[in-house]
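**Q** With the hints as constraints, model all of the structure from the sequences given.
Chain order of the listed sequences is A and B.
Residue numbers are given in our numbering: position 49 of the first sequence equals residue 49, and the series is strictly consecutive.
Count along the second sequence from 1, add 1000, and you get the number used in our numbering.
Calculated from the structure, these hints are not laboratory results.
Ideal Cβ placement from N, Cα and C applies to all residues, glycine included.
Take these hints with a grain of salt, some might be off.
[What the hints assert, rightly or not] Here are some, though not all, of the chain B residues that point toward chain A, as calculated from beta-carbon distances under 7 Å:
| # | residue |
| --- | --- |
| 1 | Tyr1032 |
| 2 | Leu1050 |
| 3 | Lys1051 |
| 4 | Thr1054 |
| 5 | Leu1097 |
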Amino acid sequence: GGIITQTPKFLIGQEGQKLTLKCQQNFNHDTMYWYRQDSGKGLRLIYYSITENDLQKGDLSEGYDASREKKSSFSLTVTSAQKNEMAVFLCASSISLLGRNTGQLYFGEGSKLTVL
Amino acid sequence: GDSVTQTEGPVTVSESESLIINCTYSATSIAYPNLFWYVRYPGEGLQLLLKVITAGQKGSSRGFEATYNKETTSFHLQKASVQESDSAVYYCALGDLNTGGLSGKLTFGEGTQVTVIS
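**A** Dropping the structure here:
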């Protein structure tokens, strides 16, 4: 089996600060994702990457940057934290077979962001 | 855009009782939607419970079943007799595996918190 490791688990920032979340997977999966979850709401896709050095915007990419420098890692940067912002960021990866994604995403435990 | 609506939680159900979590979808940009149920047990990460990629088919896992109904655009999750270990948050999701290639990106519902009491 494999694992998705997100760091840090908890992140506290100041308004206007640039904050970076990191994600590592040892599944050797091609595709990786960053989702954001606000309290009581569903997951919203921020960025995804189908291979090393690839980046694709999701529905919520404004205000974020992402980087996929290695197959096993995918980082997300909040470019300017918003005051009183609170959310959980979930990293995931998935496998493709015969050129088609299986739709089975493997998620990390999440990184909780609080902006003071 | 695409969207998923599911039963608003929290839902509390007694052990051995039946459970149904409603899920309806709107797939404006996907010709042949694929449907999923994901689950997050306490202390664990979100994981796939079951998926159905063809309309009219039924998926099942861990005693749960869901049938993909294209006419009613629904994918309700059901279990005839729940156990305390079924306490979790359940998410319905919509994707496009047919034309999405390697992306596998999914649209999730808001989640339904289910608590099973003894």
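**Q** For each hint, tell me whether it holds in the structure or not.
**A** Evaluated hints:
no.	hint	in the structure
1	Tyr1032	violated (13 Å)
2	Leu1050	violated (10 Å)
3	Lys1051	holds (6 Å)
4	Thr1054	violated (13 Å)
5	Leu1097	holds (5 Å)
Taken one by one, the earlier hints fail for this structure at numbers 1, 2 and 4, listed in ascending order.
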